[in-house]
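Start from the sequences and build out the full structure, keeping to the hints where you can.
Spelled out, the chains give:
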Amino acid sequence: MSDIKVKIGLECHCQMTSLKTKLFCRCPADYRGKPPNTNVCPTCLGLPGSLPYLNRRAVEEAIKVALALNCKINRRMVFYRKNYFYPDLSKNFQISQYDYPLAVDGQVTINVNGTDKVIRIKRVHIEEDPGRIVYKGSIESSPYTLVDYNRMGIALLEVVTEPDMETPTEAKAFLQELRSILEHLDVSDGSLEGSMRCDANISIEGGSRVEIKNITSFKEVERALSYEIIRQRNLLRRGVQVKRETRHWDEVRRVTVALRAKEEEMDYRYFPEPDLVPIEIADEMIKKIKEQLPELPATRRIRLVKQYGLTEYEARVLTSDKHLADFFEKLVSIHGNPKIDCNLVINELLRLLNEKNIGVRDLKFTPLEVSELLRMVDEGTISWKSAKYVLRKMVETGEHPRKIVEIEGIRRIASIEEIEKYVDMVFEKYREDVEEALREPKVVHKLVGEVLKETKMLADPKITFQIVSKRIEKLRELKK
Amino acid sequence: MGDSREAIITPETLEYLSELARLRLTESEKKIILRDLNRILEYFSIIDEVEVADVEPAFHVLNVSNVMREDEVGGDSLTQGETLANAGHKEEGYIKAPRMV
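Sequence lines, in order, name chains A and B.
When we follow this note's numbering, the leftmost residue of the first sequence carries the number 1, and every step to the right adds one.
When we follow this note's numbering, the leftmost residue of the second sequence carries the number 1001, and every step to the right adds one.
The hints are simulated quantities; they were obtained by calculation from the structure and are not laboratory data.
Small disclaimer: the values here were computed from a predicted structure and weren't measured.
So these bits of chain A aren't anywhere near chain B, every CB distance computed over 10 Å:
hint, residue
1, His13
2, Glu162
3, Ser191
4, Glu222
5, Arg223
6, Val255
7, Asp283
8, Glu329
9, Lys339
10, Asp362
11, Thr381
12, Arg392
13, Glu420
14, Gly449
15, Ile467
16, Lys479
Here are some of the chain B residues that sit facing chain A, going by a computed Cβ distance under 10 Å:
hint, residue
17, Glu1070
18, Val1073
19, Lys1090
20, Ala1097
A virtual CB, placed ideally from N, CA and C, is assigned to each residue, including glycine.
In structure tokens:
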């Protein structure tokens, strides 16, 4: 069944969050957290007599992205009106691009399970974000909708891929790479709610193309696509033709829902926006922007491997999130042990971040505090195991590691005498296990575990293992 | 203008266009608009006679390009009261709209 071919294409909408103003007016771009309908002006609302006025930096930032995605920049770009009636746009059209978009024909290399794959970029264009529709209660039960136009007019970058992805995992990998590129360029902050959204096209062999709309975060993409593949396969298995349609991803119920036929066959009647003149992009401008491009994830990976002796996998995990890679490099600059520092960041720290569903920048401590923690391990004050525990406490409370260690009485028990006392206790308590350990060496580990538990995990595991093994050895000798 | 010539806008096209434009037309309005639209488009079809193979497309009546502004916040933002002044239905600072999905 898994050899049925699946083709996935993505249409990603990324807000250019580093801009100060909207795309065509001087309203602040920072619309989040404001009371509804207070971040608008006659231009973004499309009131009569107002005129759009293009943000120069939006064009420059978009060129940065197009270059980073290896696109061909069109020397002339034109804005178009995309006409449709939907309450998320008060002027009944969206200023977007159609023919003559900003850029075409790019590519991004992704890596899934160690294998590189090129995903072609069809086009990159600039458009304005629509307003936000708020549902009363759930989407299903809401009797009407509420509209907030604060977001309307925010500069959006649309990145369209060719249908080059074959699994939901590849789609996720692409989005992660795109997000990392945008963050390295400092164009878009992917951690802001709703700053990156996408639609997905998916077709499986023998069926028509289905479009899934309303995927409101990159995290949801894998889920939505996996659901859709199962749905389409089930249809095919029952001999039902998958018809060409647009479906809506319901995040709450985690299913895709068919839209009514009327909503899907949109006729946008695009025409050149008469209120905006064409934009000619000069070679010098492109050249200048190209020269100022910062280090991108792909180059950074190569450098991390070279400079710190990391594996390619480690470098890849770090650069999947710019801020994670930044955190690591800062940590190394203070603590200076790339292997250990990387291990702590990509295994321990990343796991905690995922578990708590927060980002690196939500942490209440800096690499400096983490270097202090690792120094305690280096000094032999605490064990690696305790360090992991302290890191968790740091994430939860933001407390300084030395203080956590002090308050909780964490130390590393390495004295043989002290550990032997605990071993005595455990051997007394678990006689049957001791008997078994004489015959079955695996049980030794269980005893070691019990000793560690008795010491509240403070004893050095290696020394404890040596002591327990020696003891068992001795008992075995005596039995003979 | 004779009826013998094939109409550019058929009654079906008009039906479709009025749906896209969210206009509900009466039968008599449809008749008038159908006639007017065809007249206008026929008049425009004169343009088709011009040879344009070697002419660059014009996107704008003005021969101007690259009108852009700096990315600085400016002050003609509206208050919530002003924004909602013309809204027929509102609730808690939002505009009320029918549900669509």
